[in-house]
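**Student:** Fit chain R to the supplied structure of chain A, relying on the hints for placement.
Here the protein sequences line up with chains A and R, keeping their order. For the first sequence, UniProt numbering assigns the number 1 to the initial residue and increments by one for each residue that follows. For the second sequence, UniProt numbering assigns the number 1 to the initial residue and increments by one for each residue that follows.
By construction, these hints were calculated from the structure, which means they are not laboratory data. Watch out, some of these pointers could steer you wrong.
Copies of the same chain look alike in the list, so a pair counts if it works inside one copy or between any two.
[What the hints assert, rightly or not] Once the Cα atoms are required to be at most 30 Å apart in a straight line, the calculated BS3-like pairs of lysine-lysine come out as:
| id | residue 1 | residue 2 |
| --- | --- | --- |
| 1 | 25 | 51 |
| 2 | 134 | 183 |
| 3 | 183 | 83 |
Every value quoted in this text rests on a predicted model; they were computed, and no experiment measured them.
2 protein chains.
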Amino acid sequence: MPKIVNHDDRREKIARATWQVILDKGMEGATVRNIAKEAGLSLGALRYYFKSQDELLVYAMELVKNRATKRITAVSKKELPPKEMAIEILMEIVPTNAQTRAEMEVWLAFVTYMKPRKHAKLHINDDILQGMEKIMQYLSATGNLRAELDVSIETERLYAFIDGLALHALLHPEHLSPEQIRKTITYHIDQICIF
Amino acid sequence: MPKIVNHDDRREKIARATWQVILDKGMEGATVRNIAKEAGLSLGALRYYFKSQDELLVYAMELVKNRATKRITAVSKKELPPKEMAIEILMEIVPTNAQTRAEMEVWLAFVTYMKPRKHAKLHINDDILQGMEKIMQYLSATGNLRAELDVSIETERLYAFIDGLALHALLHPEHLSPEQIRKTITYHIDQICIF
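Only chain A is shown next, with the shape it has when bound in the complex:
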């Protein structure tokens, strides 16, 4: 009788293994072979879920999105004044620890990989852009945003600022400590807010 496999459990197991391998070995080490080993599965069993390294990369990117969304949702449920809320959410996007650095590393690998594939749509950053729009709307609705600002350009500015900060935090962690990142984000929010 063939073994009955619970696919949800197995996917969860693979998700955890994929993440562990990315944390330990970086995106370069996130091969189907290494993940199978970490998950304690045969290569064949893993290939049932991922036909190729490409599918694995897309899967890792989905993991990143889910993790980031979960963290941001948790922060948004806290009881915080609007400016602090904005700062805390932005701090979840910029990598300041091994976990978020690994997330950003997957993101960078993903966009670099997808770049030459003109037909492939990059939906990833749109999520960040939508997040920036929400933060600006929130600061505006709570009466914190300075009235004379152009909200549409300010959104673009925040979006570029945060992604640039995230890129620098990933590439030059020695240049930007978590404290400096918080200070720079707080400064930006102070500049666009009334009090």
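**Tutor:** The following block gives chain R in isolation, referenced to the frame of chain A:
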């Protein structure tokens, strides 16, 4: 009698060919084989200059630095009011055409490639950071910068803002037109300047 080779001419020829291949085929197509073909050289002759794909990547990155430096030096010699000067120089960093997009593509390939190689120093972005410091000093020295600003944090903010904008211009050219890029940069400079 062996043929006498002018190494400077040949390097120049290889530089032009490398750039053409990157423009035509992207970084993924910038193989030693394709560059040899474009330069009209044998694989062996090209291998005299590049032992590996790694050396080729480093060389392409050097080309990018030289090209960007030349363009920025040319802009800095123009007769322009300080704010316009700052905006024009920043517009040379954010990719707005095929040439500068190719430069950024090399840069992205380079940093992604170098990222897992912890021992390799990433000097590239330090040049951009130094450029940002110069622009802030220039705006300050010409009396354009608002007095109450924290110049050190403003430099970091400009640096993140410009690199984020550059990343978005590369990854989502449909989202950010050259006109929108100029508008966003002008807005930022207006925010930190007096008049």
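**Student:** For every hint, state whether the structure bears it out.
**Tutor:** Comparing the hints with the structure gives:
When the C-alpha separation of residue 25 and residue 51 is checked against a cutoff of 30 Å, the pair qualifies both within a copy, at 21 Å, and between copies, at 27 Å. Within a single copy, residue 134 and residue 183 get their C-alpha atoms as close as 22 Å, and across copies as close as 22 Å, so both meet the 30 Å cut-off. Taking the shortest Cα distances, residue 183 and residue 83 sit within 30 Å of each other both inside one copy (13 Å) and across copies (26 Å).
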